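If you want the building blocks of each chain, they are given just below.
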Amino acid sequence: METKHLNELRENIFKCMGCGICRGVWERKDEAMCPVWATCLGFEDSTPRGRVTVAQDILDGVIDYSMPLAESLYRCTDCACCATTCDAMDLATGKPIVDVPKIVVASRMDLVENSLVPPPVRNYLKAVYVNGNPYKLPQEDRGKWAKGTEIPVFSGQDYLFYVGDVGSYDERGQKMARSVATLLIKLGISLGILGSNELSDGNDVRVVGEFGLFQHLAESNISTFKDAGVRKIISLDPHSYNAFKNHYPQFGADFEVFHYTQILDDIIRDSKLFKAKGNSIKLTYHDPCYLGRHNGLYEPPRNILNKIPGLELIEMGRNKKSAFCCGGGGGNFFTDMIGGENNSPNRIRLREALDTEAHILAVACPLCAKMFEDAIKAENLEGRLLIKDISEIVQEAIQG
Amino acid sequence: MTESSRNNHPLYSEIRSIVGPEHVTVDEFSRRAYTRAPFVSMGAGGRGKTPGIAVRPGSTEEIAEIVKLANKSRIPIVPRGGGGSVSPFPPVYIGGDDNILLDTQRLNRINIDTEYMTVTAECGVILSALAETVRKKGFQVHTVDVPIHMDSVGGVLSGFVGGGEPSDVASSGTMNTFLLGLKVVLPTGEIIQTGGGPGTNIHQEKFLHREAGGPDMTGMFIGDGGAFGIKTEATFNIFPQPSIYLPGITDMGGDENMWKAFDELVKTAPYPYTRLLSFREGNGPWYFVHVIRAHSQEEADTKKKILQNICRKNGGKAATVGDQIMQIAGMFSARRLGQQTLPVGSTMTYFGEALVPKPRSLEYLKELNALLDETVGDLDIYKRVDFVVPYLRATTITGILLYFGKGTTRDEASQKMAKTAVKRMEELFTKYGGWTETHQGTSFAHTASAWSPTYKSFMQAIKKTLDPNDILMPGLWRI
Chain W
3 METKHLNELR ENIFKCMGCG ICRGVWERKD EAMCPVWATC LGFEDSTPRG
53 RVTVAQDILD GVIDYSMPLA ESLYRCTDCA CCATTCDAMD LATGKPIVDV
103 PKIVVASRMD LVENSLVPPP VRNYLKAVYV NGNPYKLPQE DRGKWAKGTE
153 IPVFSGQDYL FYVGDVGSYD ERGQKMARSV ATLLIKLGIS LGILGSNELS
203 DGNDVRVVGE FGLFQHLAES NISTFKDAGV RKIISLDPHS YNAFKNHYPQ
253 FGADFEVFHY TQILDDIIRD SKLFKAKGNS IKLTYHDPCY LGRHNGLYEP
303 PRNILNKIPG LELIEMGRNK KSAFCCGGGG GNFFTDMIGG ENNSPNRIRL
353 REALDTEAHI LAVACPLCAK MFEDAIKAEN LEGRLLIKDI SEIVQEAIQG
Chain E
14 MTESSRNNHP LYSEIRSIVG PEHVTVDEFS RRAYTRAPFV SMGAGGRGKT
64 PGIAVRPGST EEIAEIVKLA NKSRIPIVPR GGGGSVSPFP PVYIGGDDNI
114 LLDTQRLNRI NIDTEYMTVT AECGVILSAL AETVRKKGFQ VHTVDVPIHM
164 DSVGGVLSGF VGGGEPSDVA SSGTMNTFLL GLKVVLPTGE IIQTGGGPGT
214 NIHQEKFLHR EAGGPDMTGM FIGDGGAFGI KTEATFNIFP QPSIYLPGIT
264 DMGGDENMWK AFDELVKTAP YPYTRLLSFR EGNGPWYFVH VIRAHSQEEA
314 DTKKKILQNI CRKNGGKAAT VGDQIMQIAG MFSARRLGQQ TLPVGSTMTY
364 FGEALVPKPR SLEYLKELNA LLDETVGDLD IYKRVDFVVP YLRATTITGI
414 LLYFGKGTTR DEASQKMAKT AVKRMEELFT KYGGWTETHQ GTSFAHTASA
464 WSPTYKSFMQ AIKKTLDPND ILMPGLWRI
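Protein sequences, first through last, are from chains W and E.
Position 167, counted from 1, in the first sequence is what the numbering used here calls 169; the numbers after and before it change by one each time, with no gaps.
Position 326, counted from 1, in the second sequence is what the numbering used here calls 339; the numbers after and before it change by one each time, with no gaps.
Since the hints were derived computationally from the structure, they do not count as laboratory data.
Only a predicted model underlies this, so the values are computations on that prediction, with no experimental measurement involved.
Be a bit skeptical, because a hint or two may be false.
Here are the in silico distance ranges between beta carbons for each label pair [to be verified]: (1) W:61 / E:87: 30 to 40 Å; (2) W:66 / E:444: 24 to 34 Å; (3) W:10 / E:471: 53 to 63 Å.
Virtual Cβ for every residue (Gly too), placed ideally from N, Cα, C.
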């Protein structure tokens, strides 16, 4: 069976010493961090250490890829907790020597090439391949979220506002996209959208191992961006941000890429937009994995929230690089391979937010927003905690 | 592996019906993932025996049902906690091809009783989670310091000293000291409760103390390697969290000064420290890393004064290279081992420690160093740290930490050297009347080899009575 992609990481895979610290978190001395480990949803093979053990066995020819193994590999949410927690760093590059998320993606690439993809993942990929989006909705509907607003189509503005699949098609994501775009325009940012010309960014397509499709999407997007004269991109979705920032350059992308919280942070830093308020509202913030651990952007969202009068930011026990994943990464937002029911990552994280006694759980990712709203319904907590995107909080603060 | 071949374990269907289909696997990749030991000892590259089936029970009752089934079929069971066994070989080397591996990960509930100041934790709870949960309530529980993020409550209590090295082992002893009682599934499938609390005394609703008006049956399951029963729940004392944390480092110079101060400190009552670690890198000076935890500044200052006086009297001086020393101290954390070693290309490390009689600690250390030079010197030892930690007053936890410049756990020659070194190290501490606190591995057999004939017969009789079919961890002690 094909093991080409895993084999490329052979040297690093065999450097793992198997201590198992990758399953948990060090600094907080708290409970386990790997969502699969924390939710007790898998056997040892589903933990980061176990995944390396399995990889070693595959490379040794002791075991082969199989559908049950594929099911285990697709439970990983690519949250990168393990890569952050393992401190066996290459001192020259500062990168982990045993990069488990990278090993998982390589294994998934082998699985795709071996046609060993579980049905939910296959359906997701097929939807993107056929429809250009995982929602199986028409391409021409992609820009519908902006209908009735004054958000312009891109025609040489300073920034392209890239929305992504969830912002384009999911009701919660659309609301967030409208909020971010109208806010940025209100604050004087010159931006435009691609509307029906926007394509899926392919971040999660890459993470589930379909590199060919990812390459096609990346090259198509790069070509569209270049043809349109795009030089700077603001992304709504940290998943898109991650793809553009870290994986598009290999195909010739040279755009400046920002997450919208970076832009907002810059604008708000010296502004006098907000008027002082008397009542204090407690709020907590959830770090999206593709913004935080994958890209180190912990402060812009906090800077914005701390600047708003009347808001008291209370950190959850696990925050920043120790933040617990909502469970929506690594393709799981669309495939839900991780599952979990009563103990799913989004519900665990929601309970942590409730522990802070905050009234608002602030998010900066449309996938996280959706995951937590689902968790609120599942936990019957409507009215106890509001899920708000940072732009929505800023909009309300400006409007008074 | 095809779907049909996944159902070939003799107890597959029955176990599935007990725990639910999602909590049992016979997939080869999944079973093999349990065969790997962590890196802490040099022999870590070796793999243990692959279990025939892996099960994740969710309750004591489910475990009891599985044990009853195993008894009928005479199939061995290997309980597994956090998978952090620091012994060179993982537990599943024992038994036959149909071994049932019980992954206790799902036994993760924690219940704190602030009125009686106890915490009851299921045995799959990882120690750091236990410590943090208790800390959040303003209390402290004595847990193993390293590897706190790997080990489970059940795994640690099954090790030799029933709790490894709590952070405060120097002044407080091990986790076992604070253990009030256990819930245990016996090898025949009965569930029993030990300790002075509910389940042992029909009139008692809460855990008050360990004693139950008879023999200390809790102790019988401590350090048993899981051979006498499967621990599923443990209750510990908790204490108010000390508010003062006062760390310090003292340069103690050579062997003689260090040992005089060490001996005097250990004999002082009350202990003028909470933690005390003595270490040196290579042939450098000995350093004391000491931590005082106290409930008031006055208490901390008093202890500090006593400690400083003893150190100064014996030639000690405050260390001036604090950052560097703390970095060395940090090497004792498991993650630092990887950080220090992997970049130079080696996957071999050595972290060997044993409980030995205090007066013989330095002699043991010298002999251990010579042994390692002889057995693994070819692996280019580029950093060597000796350490001695008091375990209350009569014993020390003494050992060596080695970083290698070459050799990998994949390399047969390195493996052979490592295995030889570990075996000889085990023979050495056994000769000194000591044992290692490591869990479940080959060291059990070495320690058992030092049992007197009478004691050995006694242990055999207990094992035979409790486990007539030799279901739990068969062959652990090689008796």
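Verification of the supplied hints:
1. A hinted range of 30 to 40 Å for the beta carbons of residue 61 of chain W and residue 87 of chain E is consistent with their spacing of about 36 Å.
2. Judged by the Cβ atoms, the range 24 to 34 Å given for residue 66 of chain W and residue 444 of chain E is violated: they are separated by roughly 47 Å.
3. Between residue 10 of chain W and residue 471 of chain E, the C-beta spacing of about 57 Å keeps the proposed range 53 to 63 Å intact.
Violated hint for the displayed structure: number 2, the only one.
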